[in-house]
Every structure is written in structure tokens, then in C-alpha cells.
Amino acid sequence: MRRSARTGRYDGRFALFLIAPAFFFYTFFLILPLLGTVVIGFTDWTGISFATLKFTGLANFVHMAADEFFWGALRNSFLFVIGCLVFQVGIALIFAIILESGPRFAKWFRSIFFVPFVLSLVVVGILFNFLLDPTLGIVDGLLRAIGLDGPKFGWLGTRTLNVFVVIGVHIWRNFGFTMFLLIAGLQAIPRALQESARLDGATPWQLATRVTIPLLREVLVVASVITSIDAMRVFDLVYTLTGGGPFHSSETVVTYIYQLGLGTARTQHGYATAIALVLTVIIMGMSALQFSLARAGKGAVTS
Amino acid sequence: MVFRELSLPIRLLFYLVLVAAAISILYPLTWMSYTALKTNQEVMFSPFGLPTSISFANIAEAWRTGNFSRLYANSVYIAVISVIGVITVSTTAAYGLARYHFAGNRALFLYFIIGMAVPTQALMVPSFKLMAILESWAKALHLPIAFLNSPLAVILTYMSWSSLAILFIRAYFMSIPPELEDAARVDGAREFQILRHVMIPLAMPAIATMTIFYFVFFWNDFLWPLIYLQKHTLRTIPLGIMHFEGKYVSLWSLQVAALSLAAWPPIFIYILFHRRIQRGLTEGALKF
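Chains A and B supply the protein sequences, listed in that same order.
Mind the numbering: the first sequence is residues 10 to 312 in the numbering used here, read in order.
Mind the numbering: the second sequence is residues 888 to 1175 in the numbering used here, read in order.
For the record, the hints were derived by calculation from the structure and aren't laboratory data.
Beta carbons: idealized from backbone N, C-alpha and C, even for Gly.
Honestly, I wouldn't trust all of these hints.
Claimed, not checked - Going by beta-carbon spacing under 10 Å, a handful of chain B positions derived as facing chain A:
| # | residue |
| --- | --- |
| 1 | Tyr-914 |
| 2 | Phe-943 |
| 3 | Ala-944 |
| 4 | His-1084 |
| 5 | Val-1085 |
| 6 | Ile-1114 |
| 7 | Ile-1154 |
| 8 | Leu-1168 |
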């Protein structure tokens, strides 16, 4: 420790001493793997010895362009993003507005909707494996009770359907959290604004669409981007509900990377990393979009 | 919108929607909880009915065969060490960045912010290779450190996720008036004492928020333990129940009991501290 009373807050050496530990862990275990992603994506490296590292140029990306499983996984991930943007944010917005208008038991409802978010996705995935079981699950049981049948191969075993079921479970787990983000945004809106619009004779519908939602825009953008990035990175739920199957039909980008790089195959490190690089670019693009949109949103609200 | 000024049918519709959503959440969790307390026969003959008598046999059996005491010990160990680690290094770094003017301060801050946009899942293959390389070096040097199949790999990975905590705590430090520090400095306190006895206590709300946020995240994380902890004695809760469910496929009652053992403690803690947890998770995310 350095005595620095005289130089006070201008002692950069003490600051660097404070920053060094975080810098070390961050640089070696996040930035270095990030740079590794950029490099390994252009190789067919499988082992850990640098002697076997061979650059293959764009071969991984050429392979990717022709890989139907990659496109399937990418399509599923985008379905996830769109599904969550429309339904998770939509449901959260509706509930946030209703609960903030002051019905009875609002605090109870709020707290209940948040419960699934504190559970791990593995717990949620396994729980829904039981609920959606074709023979013993409650969902098919209820359907049978009203004379209907669930899908023949089960909710999670039917191609094209299974992705939407996983998206539904994801929304079940996360909408309460999104709702809390939007409630925080609603509470930041000055009461006076809504009050004056109301006194001017605005209907509740006009109040919601013309006053509340425009004022909420900034938080809505933040919530949308958190939701979509979360959806783009989905792994645990797919892994526990369908394992990406049957026959890769519910694979998402992250489960596919895991399958190729560290799952049962464990061999295609270069190719898996090339896909990871594409994922990183997509997600960084989404983050950048958020920041620019949020800035534009800020302008719109304050002006 | 003011709820009591809405027309009666609309209000009823809203209540109906709220109640339906609440049931969709509470029913699965209740079903799980009472099914765990049923006997095997009861589960097979009436999977949805309430238990006629309460039996803790499955719970005890799941705890034993699933080795839950080990799973809990592992999860607590990894989450606690990682949270202490990442919050400590982030708090000191946040203070250094918030309060000291030096060349490169801005650049360092931006460097730390890159991590906010990086999807950590995308780093799984290079991270695994990095740990494997470190492992081989440690072996070559005869160091008694294991990276693969060791909680260390998971903890080091978690400790690199400091971006959010630095951003969040730095913003809080910057909102504290500098007069408080200057007064301590005039009284002859050393820089480190100022941080330890003045600034950290003042920043406690932000530090607590981040602690909750990271703890929940680490506790629930599945991917990194899955990658690094193949030995069954090292498994965390999510990894442990995943394997449990695969092993006892035909024994529903036992599986549901194991699931409950993983789900009850977080729910219980949430019931006790729901306001803090809601705030911690929401504020942490809104900073993003």
C-alpha cells in the first residue's frame, strides 16, 4: 500500500493496483478465449498442442454454408428470438400495465409471476418433461379429459412443434422478470403526465397506447434486447427438454456448438468455434443495435 | 390507467387473466411438491391426485441416492467462492476507475465494457482448450493444481465475468459526493483505509445488488459445470439432477422427489427475501 495523501485522487499507481486483479481474470479467461474464438474459427485444430494448429482459411465457413443442421439451428434460434420478442415482451407489457393500474393483490400476482425466474433452467426443463409426458403428463391428461389427443409423438418429440413448445416453456420461466423490468419503467413515468391526460378525457386505451407506451420506449428497448439476447443464447432448456432432437430438429446455435465441440463428438473444435464466431457477431450486433436504439429512444422521450 | 375506473367486465377479464397466469405457475410447482410426498403406487395410479398420506420415503431415498449433500456442498462452494472473488475484484476495480484520474482510465473502462456484449457460451471451446493447456503446463511443472475436472476452472471462468459488476458499482461510486473521501483524507486516512472504511460501506447497496445477481446466476448455471465437471463427486445441483433424471427414468416418484430437492431451497429463500431478490435481479439487468 502506498502513502498518497498529498497526491490524493490523482495517484494512478494505486488505481492500477486496485484494477489489476479484475484485469487479470478478465483478460485471461474472457478476452483471451474471445481472441481464441477468432483464431480457432479459421483452423481445424482439435488437440491442445500448438503443433497441430493448422489454418484452413474459410473452409469452416464454406462448410457452414452447406450444413443444413447449422441452418436449422440458426432458424430455430431466430424463431426463439422472434417468439420471445412478440410473446414474452408482449405478455410482460400487458401484465405490467394491468398490475400498475392498481388491482387488488397486485403485489401477490407480481411476486408469483417472478417465482420461475429464481429456479434454474434445468429444474424448469425437467419439471416440464413431467408435465408434457405423453402418457402421464397433466397436459395430455387434461386434453384427454375434454376428448382431445395430444400430439402422437409427444409435445417434445414432434418435429417443428417441439421448438415452439420449448419457446413456450422459456417464456413461462422468464416473462415475470421482463414484467419487472417494465414495471420499473412504468414507475419512473411521472404520475402528473398520465393524470393530466386522464383529466383531458383520454380513454384507458388511449392512455396506454398514446401516453404510457411511448414514455416506456427506452425501458421497452432495453427489455427487448435483454429478451432477444437471452433467447439467442438458449442452451439449458433445449438440452434438458429435447437434447436438440429428434434428429437435430430442435437444435439451437449454442446446443449445436456444444454438440460439435464438447458434446458426444468432441472433435470438431475448429468448426464449432467458427459457428461460435458467427453467434458472437450476431449478439454483438444485437447489443450495438440496442445502444443506438436506446439513444434514439432517449431523444424521443426527452424532446 | 386506473383500475377501479375500468368497466366491470374489463376488470373481471383482467382478474381472470391474472388468476389464470398465477395458476399456470403455481400448479406445476404444487404438483411437483405433493407428488414428491406420495408413494410410488400412488404416483402410478393417480399421477395428479393429491396424496392420501404424506410419505417422506422418496425424498429421503432421492437425497441419499442422488448424493444431495455432496451436490449442495459443491454448489455452495463454487457459488460462494466465485461471488466473493468476482465482487471483490470488481469493487476495487470500480473504485479505481471511478475515483482516480490517470492516463488510460477511459480506455480501461471501455476495455472492461466489451465483456457486456460477449456471449460467454460462444467461448466454450477456446475456454476448454485454455484450461486443458493450463492443466498440461501444471503437469509438466509438477504443480499440484488441476484445472480440468476441478471447480477451479468453473471459478476462474465466473471470475472473468466482471464487466457488469464493474459498470454497476462504478456508477454507484461516481454518485457518492467526493467531499466524504476528502474529509477522510484530510483526517490522515490512507487510500486503502478510505476504500475499506468509507467508500465500501457507502457503496453497500450496489454491492449487495450485484452479490444477489451473481449468486443467482452462478447457482443456476449449467453449461460451465457441464463442460468442466465430469467427475460425479464434483457435480453441482443442476448437473446432479440432470444425471439423476437420466439414471432413474422409470421411477417417477423418485425423480420428482429429486427435482423438489433442487427446487425447494431457492423457492424458500425467495419467499423469505422476495423483495431484495426481485430488486437485485431487476436493477442488475436494467443497468445493461
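For this structure, which hints from the list above don't hold up? 2, 3, 4, 5
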